[in-house]
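> Please work from the sequences and hints to get the whole structure.
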Amino acid sequence: MFGRKSPEKVVTRFAPSPTGFMHVGGVRTALFAYLFARKHKGTFILRIEDTDRERLVPGATEHIMKTLHWAGISWDIGPDTPAAENPFGSVIQSERLSIYHEYAQKLIEKGLAYPDPYTQAELEAFREDAKREHRPFLYRDHRPKTFETWDGTKPLRLKVENPRRMEWYDEVRGELEAGPEVVDDIILIKADGFPTYNFAHIVDDHQMGVTHIMRADEFIASTPKFLTIYEALDIVPPKFVTLPPILRADRKKKMGKRDGAQDALDYRSEGYLAAAVVNFLALTGWNPGTDQEIFTMDELIETFALDGIQSGGAMLNEEKLEWMNREHMLKLSPQEYRAFVHAFIPERLLKLPQWSEERFDALLPSVRERISTAGEFRDHAEEGEYDYCFAPIILDPTLLKWKKDESAIDALPRLRYCAEILAALPENVDRETVEATIMPYAEEVGRGEVLWPLRVALSGRERSVDPFTLIALLGTAEAYKRVLYASDMLRK
RNA sequence: GGCCCUAUCGUCUAGCGGUUAGGACGCCAGGUUUUCAUCCUGGAAAUCGGAGUUCGAUUCUCCGUAGGGUCACCA
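Whatever position you read off the first sequence (first residue = 1), add 566 for our numbering.
By construction, these hints were calculated from the structure, which means they are not laboratory data. Certain hints may be false.
What the hints assert, rightly or not - In silico lysine-lysine, DSSO-like type, Cα no more than 30 Å apart, as pairs:
| # | residue 1 | residue 2 |
| --- | --- | --- |
| 1 | LYS711 | LYS897 |
| 2 | LYS575 | LYS607 |
| 3 | LYS897 | LYS632 |
Structure representation (structure tokens):
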């Protein structure tokens, strides 16, 4: 029986391959490992598995770190940890080659590893045969009788002495097992001198004292192979924690980069709060066992437990994410809200040269002032009912371009929208430019969206958010009341 | 094809032999809000199929079915 160990200090890791951006599945895997480590006051390691030199993407490591940082997932030891402070020297696999070779040498000395004499073409032929005969391909059926000395130019394979049924325990799935037909002489070190994932992750996890391996369920099938390596190295395996897959919306396949999965960081530019995305991902594949749905990161750390992890796969419920985003948005203080808006606006402002960030900042006080000093309309509100009033100044009916058979009520949404925008504009902005910019947009958006400050200001999934809208609606929750009041003024 | 995993409302899920099968998102209806966000109330909506174990199965076992994973010098 593998996979059971006595209690000790928890060490988890997230070990991505720097081959591109992270999708939400990766973020969730990292999150669970992070939550578990923090929950138990343990250590969370970010390890970079860059042993595939072909698929390596420059900058990917930095992008992964950026994504995790955004999500609020911090690591104790990572690729950015100075060597002097890193107990393992480096957590980047390409910088740890001598360690893998050292372990490989042990296996060679024990007679448990040998060089693979075949060419790729020969191997391919073997596979073809197996496929034709409808049986799984097993390298060990072709294992050479005698072994050459490994000179490092050929792949090094594990010699599985006695292939047998393997059983192990998974913290989520329970007792698992698979027959000897999945155990094979897998490659430990590739011809280029780099270790395979299969070998490197085991050496690393052992050397770094990892106690729990969180990973998605595609690794269940290869766990028996891993177990033969643990056995050959005489290493007691960590605990296995298998996470359920995140499925594509059509439920046909597991989510993956090649299936249109998006960069998780896109959620940020689309106006989602990291807190909402984290909350959402935590709850797909895990549940606290209570009815609580909205969690802060601290609450997740406090509540997280392995026995709440699901077995079955889950599809992402985008509408629920939207809802969570709203909930988290409403928890923000005005300062936090403003900081959030500023955090993602600049990218969009850059698309409109005349609206530099400085200009945007300069506008804010002006908008605020207009709103708070619109006293002449305040008299119309019942006392104390509204904190703010809004002055629908400069409203020029010709700007609205009424359709002939359109009633005033129907036009109201546009009316409100324009009023908001116009009120926010400085006097020196050219009226025609404003009109050209606003009108198509006002036509497009629904009234509900116009009046839903959080949504309008922060969405932008299909169209870009324009700075006018952001300015006009910066007041968040108060904006709604202001607009309601203003619209009433307009009706009279 | 072999091996492995999974299966409760449309979606995320609770349930760990006896429940009117609970919650959330979304949806529908009504009420607040000087229509539309928020908020409140109510509603429709699920145990994949078949055997077996048991006094009793959503729950345990087996067989189907469906979906997913895996069988790389990718991770």
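> Each hint: holds or not?
Evaluation of the provided hints:
The straight-line distance between the Cα atoms of LYS711 and LYS897 is roughly 69 Å, outside the 30 Å bound, and the hint therefore fails. Of the supplied pair hints, the one linking LYS575 and LYS607 holds, its CA atoms being roughly 8 Å apart against a limit of 30 Å. Distance check on the hinted pair: LYS897 and LYS632 sit about 24 Å apart at the alpha-carbon level, within 30 Å; holds.
Hint check: a violation occurs at hint 1 only; the rest are consistent with the structure.
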